Amino acid sequence: MKVLVTVKEVAEPGEDFAIEGTQIAPSDLEYGLNEWDDYAIEAAVQLAEAGIADEVVTVTVGPARTEETIRTALAKGADRAVRVWDDALAAEFTDVASRVDVLEAVVESTDPDLVLSGVQAADTAFGATGVALAERVGFEHAAVVNDLELDPDAEVAHVRRELEGGVEELTDVDLPAVLTVQTGLNEPRYASLRGIRQAQQKEIDVRDLADLGLAPADVESALTLTSMAVPESESDAEMIEGDAGAAAERLAEILREKGVGA
Amino acid sequence: MTGDALVVAEHRRGELRDVSHEAVTAGRELADARGGDLHVAVIGGDVDRFAEELDREGVDAIHAVENGEEFDHNAYQAAVAALVERLDPGAVVTPNSVNGLDYAPALAEDLGWPLVTDAIGVAYDDGLAVTREMYGSKVETTLSVAGDRFVLTVRGGEWPPAEGVGDATVESIEVDLPESGARVRGFEEVGGGDVDIADADVLVSVGRGIGEEENLELIQELADALGATVSASRPIVDNGWLPKNRQVGQSGKVVTPDVYIAIGISGAVQHVAGMKGSDTIVAINADPNAPIFDIADYGVVGDLFEVVPALIDEFASE
Ligand SMILES: Cc1cc2nc3c(=O)[nH]c(=O)nc-3n(C[C@H](O)[C@H](O)[C@H](O)COP(=O)(O)OP(=O)(O)OC[C@H]3O[C@@H](n4cnc5c(N)ncnc54)[C@H](O)[C@@H]3O)c2cc1C
Ligand SMILES: Nc1ncnc2c1ncn2[C@@H]1O[C@H](COP(=O)(O)O)[C@@H](O)[C@H]1O
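So the sequences go chain by chain: A and B.
FYI, the numbering for the first sequence is 47 to 308, going by my numbering.
FYI, the numbering for the second sequence is 36 to 353, going by my numbering.
Because the hints were derived from the structure by calculation, they are not lab data.
In this text the structure is predicted, and so the values were computed from the model without any measurement.
Quick reminder that beta carbons are idealized off the backbone N, C-alpha and C, glycines included.
Mixed in with the good hints there might be a few duds.
Computed footprint of chain A on chain B; a stretch qualifies when at least three of its residues, placed anywhere within it, have a C-beta under 8 Å from a C-beta of chain A [as the list claims (entries may be wrong)]:
(1) 73-87
(2) 123-134
(3) 289-300
Chain A stretches covered by chain B per the calculated footprint, using a threshold of three residues with CB under 8 Å from any CB of chain B [what the hints assert, rightly or not]:
(4) 88-96
(5) 104-117
(6) 125-134
(7) 249-260
(8) 298-307
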């Protein structure tokens, strides 16, 4: 069977960052592989190693910069990658539906039995792409999966969904399916030197909208980002100043007042 | 009509979840702003009892759909889509819960409506504007939504629960529900064991800032010096460095100790959900913008590898 993994490169602001209009200054952002997708890649590679998956393909909607992150996924064991980008996607805040327009076309051309997606992207945190994609392509789905056992003969995924408060739901999901992967599902590997070398030889298939049979109007976002600000702190925290020694002394005093360590 | 809002309640194992009543408040706010009625849907479980509990001030109509005991995303999606067809509301509101995120995106896709998740505030003028956070709660953003129909999921704890007793009409609805390709086999409680962090008076809680597993010794040493119990944020448990029963947060334990000391924890919303009720919150973090400082009573901006040893010294030198 074939596994498609959706891989997003996410941005993380540094300790100091400036907001310019409705975005963080690009120079104050660091980019990396979305944490949740790291677990999804690992799950897919483990399926390949177990002889259940015969091909692991990644898909990323992102500009050329994201190839560094894509290479990381390839170095961890994905076989090949598809990257989709177009100026029409750069212009605005993409909504879930536009992203799904693109991913749908990639699902059609790669024809996977299983799509693994992350629970959420760490930066925009919509938590929605995988489930929306499943609906669009007519796959079954399960969100927030922290345990996965695949029965390829019965074409069923036995999963656990992690609900709130330490409760897990045990569910059987018919394939083909989209599963959104929660952290803790496995232990994501580090890319080995050999993996990194091999990744250089692997294919990244770059597509634009026209290649996928889409027009800019298809991916017009229903959402517009109109403001971004550092939230006004409602905190009345006492910030303890001074070097570590002075801070520890004051903190010890406070803790003793609260009866700690007495 | 378009100004109406339809809120979908959530329940699990025989109980309505608190977020249902909060979503009702958010739905009422939207319906008021758009001059419409507030409908509430309850699907599956003991719908009659749930309908009674959901009949709070401001609810105009409750629609009960019988369907098994527990959540089934295909049934929820189909039932809500059928109600949308009948009632023509412009807004569908669900809790931004694990189950909410298991069907709301599919529903929005099915209806062809824009989706905004994890809302912490809404305003309605010419159109909907939603306040939500990005970058691990470091920034707050406003998204404006084109058109006048949308699916919205609302974060827990941001709207007060609806209260009082209402006089909503209650009707039972029959909906043709699809055979589901996802079948729930049961539930399991995880995170049991010998320690219950919810019992501790003082928690020393460690996050990803600790860097390496062997550095946990430092945290244990501090806990020993303070007579405290060690708890953790999720990455520490995901890494297998501490057992699941030590995890504080949405998918772990909710704790309310006298003193909660967060060390190298950023303060993600799912973590804060589990500890914001602590009496006194102390945060030690290298990043002055870490959201944990917004809910802390005392904060130290600094390197935990300097502050924690100094703090241990303060208590060891007695
Ligand atoms: C459905 C769902 C459920 C979740 N449930 C939970 C849950 O139950 N509990 C939970 O905790 N999370 C949960 N999460 C994960 C949550 O979103 C965050 O990813 C997680 O809480 C981050 O943990 P952290 O603060 O330890 O790590 P990070 O966010 O990486 O923060 C590390 C912090 O350490 C600081 N730091 C680094 N080095 C130092 C140093 N030397 N000295 C001082 N400070 C330092 C950094 O400034 C940073 O603020 C859930 C997520 C989802 C999507
Ligand atoms: N631009 C993208 N390219 C590829 N995958 C994405 C992209 N955006 C989101 N995803 C996938 O969808 C998941 C959930 O993202 P979101 O719904 O945006 O929170 C992520 O973990 C990724 O697996």
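(Q) Flag every earlier hint the structure violates by its number, smallest first. (A) 1, 4, 5, 6 and 7
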